[in-house]
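Engineer: First to last, the protein sequences are chains A and B.
So in numbering that gives the first Met the number 0, spot 55 of the first sequence is number 54, and the numbers just go up one at a time.
So in numbering that gives the first Met the number 0, spot 329 of the second sequence is number 328, and the numbers just go up one at a time.
Since the hints were derived computationally from the structure, they do not count as laboratory data.
Be careful, since some hints might not be right.
[As the list claims (entries may be wrong)] Heads up, incomplete: computed chain A residues facing chain B, CB under 8 Å, no partners named:
#1 Asp19
#2 Arg34
#3 Ser52
#4 Asn54
#5 Cys78
#6 Ser80
#7 Asn167
#8 Val169
#9 Gln171
#10 Leu181
Predicted, not measured: the structure shown is a model, and the values here were computed from it.
Backbone N, C-alpha and C fix where the C-beta goes; we use that ideal spot for every residue, glycine too.
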Amino acid sequence: MQPVTRIHSRTAVMADENIDTDRIIPARFLTTTTRTGLGKLCFNDWRYLPDGSDNPAFPLNQPEAKGCAIVVAGRNFGCGSSREHAPWALLDYGIQAVLCSEIADIFRNNALKNGLLAIVVSAAEHEWLLANPGIELSIDVQGQYIALPDGGRISFVLEPFARHCLLNGVDQLGYLLQNEKLIAHYEEQEQAA
Amino acid sequence: MSAKTLFEKIWDAHVVAPETADTPAIIYIDLHLVHEVTSPQAFDELRSRGLKLRRTDRTLATLDHSTPTLPAGPDGERPYANAEAKAQVAQLEENCREFGVELHGWDSSERGIVHVIGPELGATQPGNTIVCGDSHTSTHGAFGALAFGIGTTEVGHVMATQCLLQRKPKTLAIHVDGELPKGVGAKDLILHIIGHIGVDGGTGHVIEYRGAAIEKLSMEERMTVCNMSIEAGARAGLIAPDETTFAWLKGRPRVPQGEAWDRAVAHWRTLKTDDGAQYDREVRIDAGTIKPTVTYGTHPGMAIAMDAPVPAARNAVEQRALDYMQSRAGQPMQGSKVDVVFVGSCTNSRLSDLREAAGVLRGRRVADGVRMLVVPGSEAVRRDAEAEGLHEVFRAAGAEWRIPGCSMCIAMNGDLAQPGQLVVSTSNRNFEGRQGKGARTVLASPATAAASAVAGAIADPREYMTEVAA
Ligand code: SF4
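Excised from the complex, chain B in its bound form (with noise of 0.2 Å):
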């Protein structure tokens, strides 16, 4: 048997019908994640051809994007954006209600962005493959699955067959040696690792990240950097289960129990590359050198260490993006003034990152004029930051803490930016308007947002990091 790579051994194991030259690979998927903005459609689709879903058991639905993060008034009235949004989210209960999909809704105490709650319930197991109307289903990949995000036409694809056309993807490995100096985070090494590679460094490919660094990331560390891998154009990111991931899964409510456990763990042993298997590509990064990290421009690519000096354009558009965010080429983003923070979204809103950013802000205030916006991933993020306290943290800090959803991640919640605004976000696109028209934004880390939010402009979060005990 030839050497194969993680990727390869979950692709062959999921193929219902070969590739051949005229037609594309039918593979299999074994979760289906829904949410209410690129699904109601699909659900039509089922609707006028009279096709029922076809595995409501591997399918789960949450509300998240278009969901407010303020409570619901004494009426019991939700302060949705606008009557679309809210129609929006009922069309996906009635959707769920008529299909038969298990939804967490505002009912469930697991609600969440539907990229944290899926790990949050072991519903993300490794070996897996896992599609969403979402191009961030990549953060699943930490844990050894293959997943990656669709449109909403293949949406209605897996909700009738349970399958996909696809054409087998190239695979790049990127090597991350060393070891990440203090206060330098998941964040900023993906952040780091798109700046190298470019924003369409991944296209075509499915990324493996692997070496000493990355094994010793903790799993919401590692969904962190395969979150963002869709930013460098890759579908999919994928880290290779190890001991860290089985401990992490380990009782979560649909991982299996008992004996089928030991079995699952000792399959999902034997998932991890070959040695001696080949990659279409490779690209080595050196962890030790890595510093905190932030954009300057119009996407993630532009990004560079937060002391070092914004280079300049080396043409029209890269000019414009500087103009937007009105960074000045030679000058480090260190500095800059801050209007809003935001800490959250499926990249940085677990409870770790919550407790990142609560430990800069301990004891201190958020700058006056700016504006800090906490919003957690999941009810249960949410239950267990507060059972621990760090909601009085943020609180205390003059932060807003709001109810879980993806918020000013996509803005389209009515959470957003004010034109001209420069926002220091813990989200994953830093693309002109993602925050509200006009809004800039820059990309970084809770600890270096927190940070930011105390000295009002975006500052270096080691500083306050030190006199902080963990």
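This is chain A alone, in the form it adopts within the complex (with noise of 0.2 Å):
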């Protein structure tokens, strides 16, 4: 994973609630072998009409909202299946972090892992940056702070660890690898046990 430092960009608004991985991603397209190419299917069914011309209904097809790589997204974005392409086509998309007042978790977990910053904020914050669409946002994960135009500051928190991967570019099976000697050790314990 490349190391995510800092996203800046203007918002998009997807103010749906639960917006789950089946919108994001529909299962028919879930038959593929690898996990990239997946931007063009992002959203398909919302995305597009049914003659294959974009639906102007979609938030993220309104003029403004063109090459926005931050939306603010309705509560609890993310919920249903475990699919890791979710994340992927978001970021094939363009789309390099979401912002909500919860996240559901295995989404937030893959999204992480894929260097998708998915991100907590408050109601009241939450709130707010759904009224303000388009607004140019810089998020600052070595600082856990989303920075507003009026130099106002937004603070999050992400897991230190999730965190640590995307300062510096780490991946969580080198780590695991590194930790062989102990998962060895449980295995000969159990197996005495």
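Both chains come to you apart, so use the hints to assemble them.
Structural biologist: So this is what it looks like as structure tokens:
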């Protein structure tokens, strides 16, 4: 994973609550055996009209949402399945951060492991972000704050290990493999029990 | 020693390295279940790093999600939805061969939905940690195992190290007091619970279901309840193992035999939550008030007794959900016209579920214009059901009897509904488009599904149960 230290972008708002993983990437596209190329399928059934043209009602199809790498989403974003295809698709689509008052556990885990910043902010800050689409934000992973255009800041907390891995581009499997001795020891004890 | 919950006992027994401020705990995984959809990229990761799969004896694979539920044609070709689905299945077969993983593939008499076969084989055992790249892994919690879904990156972690990095979740006790009324089952109960606590009511928590009504449930019913824990946002749901659990597991292929069995049971008896142990949160539900329950919106938390009026939308998103479903505020779901009925999925595709549906259908016909699909959860379920003649009951009623798989639960194998069709489904997710683009899903119990098939409209199964002996 490449290090992720700072993300700077305007925000796009997807206000719906409970945007589930089936909406992010419909199940029929899960027959893939790779993790690439899912961006064009991201939000497929919401983003396109039946004739294949862009759905003007889809939030990220709005002209002002073009090129936005930060999405402010309604509560409980990413609920549903464990498919890692959801963060893969979002990243490939160009989204690098999701801000929300509450994010589904498995999705958040998957997102952070892939360098997609899934950030939980307070309910009041969330309200404010939802009400102010299109503002320029700068997310600082090291300092754990979001810089607002007026100089204000919203602070957030990332799980310390996830943050360490993001900042340093550390791969978690590598870390686990370093603990091989402990794992082998556990297995021996278990065998003996 | 301080009093511990069931969850804490399992967690503590699996800590390889404790969590610190800077690092999550390293947790050992006893059983890793694998299927074709969320594993190919993880196998690739092993390959690209030149790693072996650490514990093939703790890994079990099956084909279920992308597999067709119609049999192979005379030429031996299986009717895959598309070339990609076929390639994905072939990829798992090849990966399992290369890495030495036991696969219950097409030639296995035990193939089936991953969460159905784990328990059937006795691979699912109390006190275990169990993971799978599938959020409904929570099903296995019915046996008092800590079981949860993981993403593909983590699938790779478990393959390579048999471990996961985890922060300790919080605990939520859901006490279900009293007794479920006659004709009201586990599916009604869990839909009611999710309707009560909400789709994010369990986020960050492991749920332990307990209380008189839970203790009375059969293992199949407990699996139905734990299966849907994730629909309340909880990664895992647990039920303390008891005599019902031990009786169900005894003699299954992968459980210990003889003296080792006795020792295992003695250990499993110690797992239940100690008196005085504390949960982070507690909720109480009265089972006696629950009625046949269905969903009316586009997530499982939008659930209500089928004869109760659909609540008015509280915001634009809920209104959109009602519009999508064509559900009308103030009107009950009961009586809504049905196009398709699906009995299947890891929530409700076990023998008892099929018996429940067949009990309603026996001597009756699926209404004109309604298509009904019955998909057993595994080859074992299929065998048992056919031995009892249940397939004849379904066929005589005009329903299709398929071969095992996830089928219309996720609709990626070609089994799907058409835009606008209303599906009464025994599966677990009613998200927009889950059963086909534009399809409208109403989650329900097998009895409700069967009654609705007969009536051609969402119907109360209790009206159909009285005349039929069990
Ligand atoms: S039946 Fe549905 S929920 Fe269960 S494993 Fe298959 S797709 Fe997932």
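Engineer: With reference to the structure, classify each hint as holding or not holding.
Structural biologist: Hints, one by one, checked against the model:
1. For Asp19(A), the shortest C-beta to C-beta distance to chain B is roughly 5 Å, which falls under 8 Å, so the interface hint holds.
2. The beta carbon of Arg34(A) comes within 5 Å of a beta carbon in chain B, closer than 8 Å, and the hint placing it at the interface holds.
3. This hint is violated: Ser52(A) has a C-beta 16 Å from the nearest C-beta of chain B, more than the 8 Å allowed.
4. Interface restraint check for Asn54(A): the shortest CB-CB distance to chain B comes to about 13 Å, outside 8 Å, so the restraint is violated.
5. Interface hint status for Cys78(A): upheld, as the beta-carbon distance to the closest one in chain B is roughly 6 Å, under 8 Å.
6. Evaluation of the Ser80(A) hint against chain B yields a held restraint, the C-beta minimum of about 5 Å falling below 8 Å.
7. The beta carbon of Asn167(A) comes no nearer than 13 Å to any beta carbon in chain B, farther than 8 Å, and the hint placing it at the interface is violated.
8. For Val169(A), the interface hint is violated, since its Cβ never comes within 8 Å of a Cβ in chain B; the closest pair sits about 11 Å apart.
9. Interface hint status for Gln171(A): upheld, as the beta-carbon distance to the closest one in chain B is roughly 6 Å, under 8 Å.
10. Proximity of Leu181(A) to chain B holds as hinted, the smallest CB-CB distance being about 5 Å (cut-off 8 Å).
Against the hints set out earlier in the document, violations occur for numbers 3, 4, 7 and 8.
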